[in-house]
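Trainee: Top line first, the protein sequences correspond to chains A and B.
Anchor point for the first sequence: position 106 equals 106 in our numbering, and the numbering is continuous, going up by one each time.
Every number in our numbering is 321 more than the matching position in the second sequence, counting from 1.
Treat the hints as calculated values from the structure; they're not laboratory data.
Note that the structure is predicted; figures quoted are calculated from it, not measured.
For every residue, glycine included, the Cβ atom is placed at its ideal position computed from N, Cα and C.
A few of these clues could be false.
[Said to hold, decoys possible] Simulated DEER-style distance windows between Cβ atoms:
| # | chain 1 | residue 1 | chain 2 | residue 2 | range |
| --- | --- | --- | --- | --- | --- |
| 1 | B | 490 | A | 169 | 36 to 44 Å |
| 2 | B | 504 | A | 258 | 49 to 57 Å |
| 3 | B | 517 | A | 263 | 27 to 35 Å |
| 4 | B | 563 | A | 57 | 50 to 58 Å |
| 5 | A | 263 | B | 526 | 48 to 56 Å |
| 6 | B | 487 | A | 285 | 17 to 25 Å |
| 7 | A | 160 | B | 419 | 53 to 61 Å |
| 8 | A | 304 | B | 490 | 19 to 27 Å |
| 9 | B | 597 | A | 149 | 52 to 60 Å |
| 10 | B | 672 | A | 242 | 27 to 35 Å |
| 11 | A | 160 | B | 401 | 34 to 42 Å |
| 12 | A | 162 | B | 526 | 47 to 55 Å |
| 13 | B | 563 | A | 183 | 47 to 55 Å |
Letter by letter, the chains look like this.
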Amino acid sequence: MEAYLGIDVGSVTTKLAMLDKNDELVASLYLLTEGKPIEMVQQGLKQIKQQLPEDVDICGVATTGSARYLAGVIVGADLVKNEITSHSVATLQYLPEAQTIIEIGGQDSKIIIIRDGVVIDFGMNTVCAAGTGSFLDHQALRLNMSIEEFSRRALASDTTVRIAGRCTVFAESDMIHKQQMGHRTEDILYGLCQALVRNYLNNVGLGKDIKSPVVFQGGVAFNQAIVKAIQEELNIQIIVPPHHEIMGAIGAALLVHEELLNNNNGSKFKGFGVSEVKYHTSSFQCKACPNLCEIAQLSLNGQVLARWGGRCDLWERSPSS
Amino acid sequence: MRVGIPHMGNLYIPLKALFDRLNVDCVIPPVNNQRTLSLGIKHSPEGLCIPFKLTLGNMIEAVELGADTLIMAGGTGICRLGYYAEIQEQILHDLGYNCEMVQLGVSEQKLFGLLKIIKRLSNYASWFKIISAFRFGLAKLSALDRIERVVQKVRPVERITGAANRLFTKAIKAIDKADDYATLKKVQIDYIDQLNQIDKDTQYKPLIVGITGEFYVLLEPFSNLDVESELGKLGVEVRRTTFISEWTKFSLFLNPLGVNEKARIHKAALPYLKRDIGGDGWESVGEKVLHAKEYDGLIHLAPFTCMPEIIAQNIMPSTKENIPVLTILCDEQVAKAGMLTRLEAFVDLLERKRRKGNNR
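Same shape as in the complex, but just chain A (with noise of 0.2 Å):
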């Protein structure tokens, strides 16, 4: 069976999805990154080799996501690209006439406008983490519920008790106040929703043009409070697709897979080997020259496979040295 790899590696979750050739989805794994990207990606390459059948045969793999690069060279990626490209394309192949889509992940959260199936204009957040899931799970942890007794405990609230979207600081202080003053959790947990939802719309939706069929997917999307506060504030329907947590691997799996198909020599795919061997991680200080840059370096078995951050090329150009 001929399939295409997909690799997400985001700030929380890694997700993988695998698709064949006629690009139909027939594997995908969504776990929590933990802080360890390295791992994540060798966990997940093994579990996702449970899920198929023995004759499968890797023809390309895409990495995406933060940790793109990291991934793409443990992977042997294809194609290496950037989150919202990907996200896009899994969206316009799930529903062509989509206008909007919104995605909220873990440290993330994007804006994508498209017209006629074009990306015309993006958006992401900038130095604020007030709009994204992470938030939503630091206080839901703080409440001692998982986030799942969250959402369903959001949607059954009544009455609006309005908790400040502006910062988290903020938030965790409007909301801390408003329990001391006896509000239903269920009231306070809507707010801090709809403060969410009107963080983004503010920030990361500034000036844009939100336009019906509006799409809301990433990890975020799986809280139907959130769902239902975004409809609320826009007063639009909106459409979750069923895979909505794993569109930016999908979207990875659909570019190499198109990529491959104008010029293929052949995956550099390194096997589900990889998830076997121990890769290290270390940094160290350039000193070059007076810019002092931080290079952060990964290898294997004592050889060196990539080298980032400097600014210049000297150790990108050179890896095995």
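Chain A is fixed; fit chain B onto it per the hints.
Mentor: Below, chain B alone, put in the same frame as chain A:
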């Protein structure tokens, strides 16, 4: 007296040439690096912008190397940067450094005022010496900018990535060393020639992306995470209208004569923004409107917490001259990953848009 000069791009080279010719001992702190940034952050009020923090770091490093006099831009009519020199002097005194701050307020003092400051710093050298040193500094400045313009053109089409940047680094060193006009001219011709000879992909038509925003972050690659080189690597030709040599030419020589190069930019911005809002906010809006036809997209650089640029950022999406704009906020972060993701996605967007336009 030992004069310390904070960094902004390659501006230290012409300033050093000027002071060397006047036999003024001058101290160039290390180029911006992690330590500069850490020092600057440690001693700055938190809410100030990256230009303040980096220049303060430079000043501390210059004083450590023995500088007792520091020069810094200042004056009214810009933004709060006009007051930075005052605060920085206060901070340095509080830290126990005994140094004097000399403010260069270009907009008020004009050319003559500037020359008078130089005269004082040079311990009252003759006017003839001052003017000839000043001219030589300007010659170096314009040589640097001429070479940089060629580098911007070569980067996206070079076959070996980084070739133009490597030559540029060498050219900067050679210009710094050049001691007279003849050598300087030779260096300039030589390097432009070498840059033109770099092996290029002549078939490839690069996307054209303009770059605008706040003056300091535009010109100091450390603060903008070297956005121009990164765009070059992605095969994009960068167009920037802000060059220090141009700016000096106009603000010192032509503006007093009534020539205002910014009039065109301001006029373009008028339907959306009717007045100067400090800093370079008015210009940022104007550049988008003015160049919408030539550019495929625009990168807008703004220091985090910069009021004028935030206003510009909010106005830009509503202009009817509609090209994609990507605003990048420059602050303390040094990891490039976030910026690269945005740049790559931006270039993908422009590329796909262009392909679609061609199919029609």
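Trainee: Identify every previously stated hint that the structure contradicts and give their numbers, smallest first.
Mentor: 5
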